[in-house]
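Colleague: Those sequence lines, one after another, are chains Z and S.
Number 350 marks the last residue of the first sequence (the working numbering); no jumps.
Number 270 marks the last residue of the second sequence (the working numbering); no jumps.
It is possible that some hints are incorrect.
To be verified - Residues from chain Z that keep clear of chain S, each with C-beta distances beyond 12 Å, as calculated:
1. R6
2. R171
3. E173
4. D177
5. P220
6. D248
7. A350
As the list claims (entries may be wrong) - Here are some, though not all, of the chain Z residues that point toward chain S, as calculated from beta-carbon distances under 10 Å:
8. R43
9. A46
10. P73
11. R77
12. L88
13. H91
14. L92
15. R103
16. A104
17. A149
18. A151
Calculated from the structure, these hints are not laboratory results.
Backbone N, C-alpha and C fix where the C-beta goes; we use that ideal spot for every residue, glycine too.
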Amino acid sequence: MTLDARIRASVGAFTLDVELAVAAGELVAVLGPNGAGKTSLLRALAGLLPLSAGRVTLDGAVLEDPAKRIRVPPEQRPIGLVFQDYLLFPHLSVRDNIAFGLRARGVARATAMAEASRWLDRVGLPSEGERRPASLSGGQAQRVALARALATNPALLLLDEPMAALDASTRVEFRRDLRRHLESFRGVRLLVTHDPVEAVAMADRLVVLEHGRVLQSGTPAEVTQHPRSRYVADLVGVNLFRGRASHDVITLADGGSLTTAGAADGDVFAVVHPRTVALYRTRPDGTPRNVWEGRAVDLDLEGDRVRVRLAGLPSIVAEVTPAAVRELGLDRGDRVWISVKATEINVYLA
Amino acid sequence: MALPARSQSRARPAAPLPIVILAGAGAAFFIIPLIGLLLRTPWASAWHELGSPEVLAALRLSLLASFSATAIGLILGVPLAWTFARLTFPGRSVIRALTVLPMVLPPVVGGVALLLAFGRRGLLGSWLATAFGIHLPFTTAGAIMAETFVAMPFVVITVEAGLRSMDTRFEDAARTLGASRWTVLRRVTLPLVRPSLVAGAVLCWARALGEFGATITFAGNLPGRTQTTPLAVYLALETNPDAAILLSLVLLAVSLAVLIGLRDRWLGAS
Chain Z
1 MTLDARIRAS VGAFTLDVEL AVAAGELVAV LGPNGAGKTS LLRALAGLLP
51 LSAGRVTLDG AVLEDPAKRI RVPPEQRPIG LVFQDYLLFP HLSVRDNIAF
101 GLRARGVARA TAMAEASRWL DRVGLPSEGE RRPASLSGGQ AQRVALARAL
151 ATNPALLLLD EPMAALDAST RVEFRRDLRR HLESFRGVRL LVTHDPVEAV
201 AMADRLVVLE HGRVLQSGTP AEVTQHPRSR YVADLVGVNL FRGRASHDVI
251 TLADGGSLTT AGAADGDVFA VVHPRTVALY RTRPDGTPRN VWEGRAVDLD
301 LEGDRVRVRL AGLPSIVAEV TPAAVRELGL DRGDRVWISV KATEINVYLA
Chain S
1 MALPARSQSR ARPAAPLPIV ILAGAGAAFF IIPLIGLLLR TPWASAWHEL
51 GSPEVLAALR LSLLASFSAT AIGLILGVPL AWTFARLTFP GRSVIRALTV
101 LPMVLPPVVG GVALLLAFGR RGLLGSWLAT AFGIHLPFTT AGAIMAETFV
151 AMPFVVITVE AGLRSMDTRF EDAARTLGAS RWTVLRRVTL PLVRPSLVAG
201 AVLCWARALG EFGATITFAG NLPGRTQTTP LAVYLALETN PDAAILLSLV
251 LLAVSLAVLI GLRDRWLGAS
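Required output: the full structure, derived from the provided sequences and hints.
Modeller: In structure tokens form, the structure reads like this:
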């Protein structure tokens, strides 16, 4: 059971252009900032947003192929979609919400109700069936939405930011809960989120989406160790540079250069962890091969470290101890010397 | 003690005198006619007058015609509202304007237009008469048509507003669950706009109940067939003022009940 999708679709001036393959049993998280096209991607897969070009197949069956004028309407696709704000029907009871899909597919009322009751048990809400969705807590609503989507036994389950509507304090618990429910589902699972913690915690594979395009895909470890976009680098909290390497010197696209210890020539990404960036009041002597002057733009206390944003060629973020900030007498707007050891720069081909 | 008193006077500023006088006159303008109606009501003969065959016939016909007009208004008006709210097609705004025109059109003009379309020698009327033997003017069906013509726009306007303000992603959710467009409409869309449906139906019914101009022009004033309560009131004013007053009171009570019933839901009273 696999999903194969090549999607080209437009929403106003925004264009989505994505290739995606997901195998059964795999949980793929599409990660991207707001406006990256994550929800549009799910809507396109569900048939709610028509493709202008491309092809979507699920288990070999074509769901959509504009070139061949094939377009299976949403109600005939074997797909379950959990919406970001769940969209439980406010005029129906919880049980009727879960039974909705079965009823719509022509299952007899009594059978649908019995199946809905089984789902209520399964998601741990056996006695909430007669309640209205408005009276449920966020976590309960999420479980009802999941049960409603799964009750029709879909081959593909799509989840749109399933945690976004929950309190930060309950998220960890519900993430574990959701993960458990998702593990018992045998079909293809695709989750979209803007929360990297959620993506890394839930998914076997990440697909990074930005401006409607896939920037990167791989296991969470691969993506976080070798970010290929500013977005992912910021999420992971590292400095990402792009430039052209030649004889161990990378000329950076945004100005400045970095000397490295052995890198292949060509277009490369360079990652520098903020903790390996050292700051000095006066120009340092000795081994570091990269030394330049910059200005402290911003200082942020994060946990037991201070993140210092520095403007210069190149601009970079350093992470130092509060004690170091005191010793340097560093404040916003101060000029400071920056140094990075060549061996601390992680370089890989773009 | 001084502090609360001061904050209270600041919360409720004294109104300028001209405003008070004009507002009072405005309110009196509405209230005095109602008081007149109540003071002149012949309570003693109320049951006798309301029980007379002509009055009962007018009331019965009014109920029949107004409920029929409301039913037709819903059956035709809701699909029309859905079309205006959900589809875009060339000429949409023109057609929409024409269908709600009767709300501002003088009802007499509506009656004349209906006559020219469905009258004996009208656009469709002559064909209906020769092909099917159907004559609409000066019949109960004609009275119902006249009332529908004037009252249906209330359904269209109200339901369209409801459809526009609802979150259409509920419909998307229903479709991903396997519901056909028809099932979505029946089980999701219409239940979600129920308050608008109720408000539209009630306003439509109240307007149909009070219809005068279009009805008398298109359907005439035949007791028992096309003489609805408002027509009966107008006629009785000459011959039997007591009956006219009592019938007016009945219509007033109905209007008041509608207003109170819709108060929280639609008319925005606090």
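Colleague: Report holds or violated for the interface hint on A46 of chain Z, using the least CB-CB distance to chain S and a cut-off of 10 Å.
Modeller: 5 Å, holds
Colleague: Go through the hint on A149 of chain Z and say holds or violated, using the shortest Cβ distance to chain S against 10 Å.
Modeller: 8 Å, holds
Colleague: Grab the minimum C-beta distance from R103 of chain Z to chain S and call the hint holds if it beats 10 Å, violated otherwise.
Modeller: 8 Å, holds
Colleague: Classify the label on D248 of chain Z as holds or violated, using whether its beta-carbon is more than 12 Å from each beta-carbon of chain S.
Modeller: 54 Å, holds
Colleague: Hold the hint about H91 of chain Z up to the distance rule: shortest CB distance to chain S must be less than 10 Å.
Modeller: 4 Å, holds
Colleague: Closest CB-CB distance from R171 of chain Z to chain S, is it above 12 Å?
Modeller: 23 Å, holds
Colleague: Quick one: work out the minimum CB distance from R6 of chain Z to chain S and report holds if it exceeds 12 Å, violated otherwise.
Modeller: 21 Å, holds
Colleague: Using 10 Å as the Cβ threshold, decide whether R43 of chain Z counts as touching chain S.
Modeller: 8 Å, holds
Colleague: Checking hints one by one. Is A104 of chain Z an interface residue toward chain S, by the C-beta closer than 10 Å rule?
Modeller: Where the cut-off is 10 Å and the nearest Cβ of chain S is about 4 Å from A104 of chain Z, the hint holds.
Colleague: Can the hint on L88 of chain Z be confirmed by a CB-to-CB distance to chain S that is less than 10 Å?
Modeller: 8 Å, holds
Colleague: Is the hint on L92 of chain Z kept, meaning its closest Cβ partner in chain S is under 10 Å away?
Modeller: 8 Å, holds
Colleague: Hey, does the R77 of chain Z contact hint survive, CB to chain S under 10 Å?
Modeller: Holds - the Cβ of R77 of chain Z comes within 10 Å of chain S, reaching about 8 Å at its closest.
Of the numbered hints given earlier, the model fails none.
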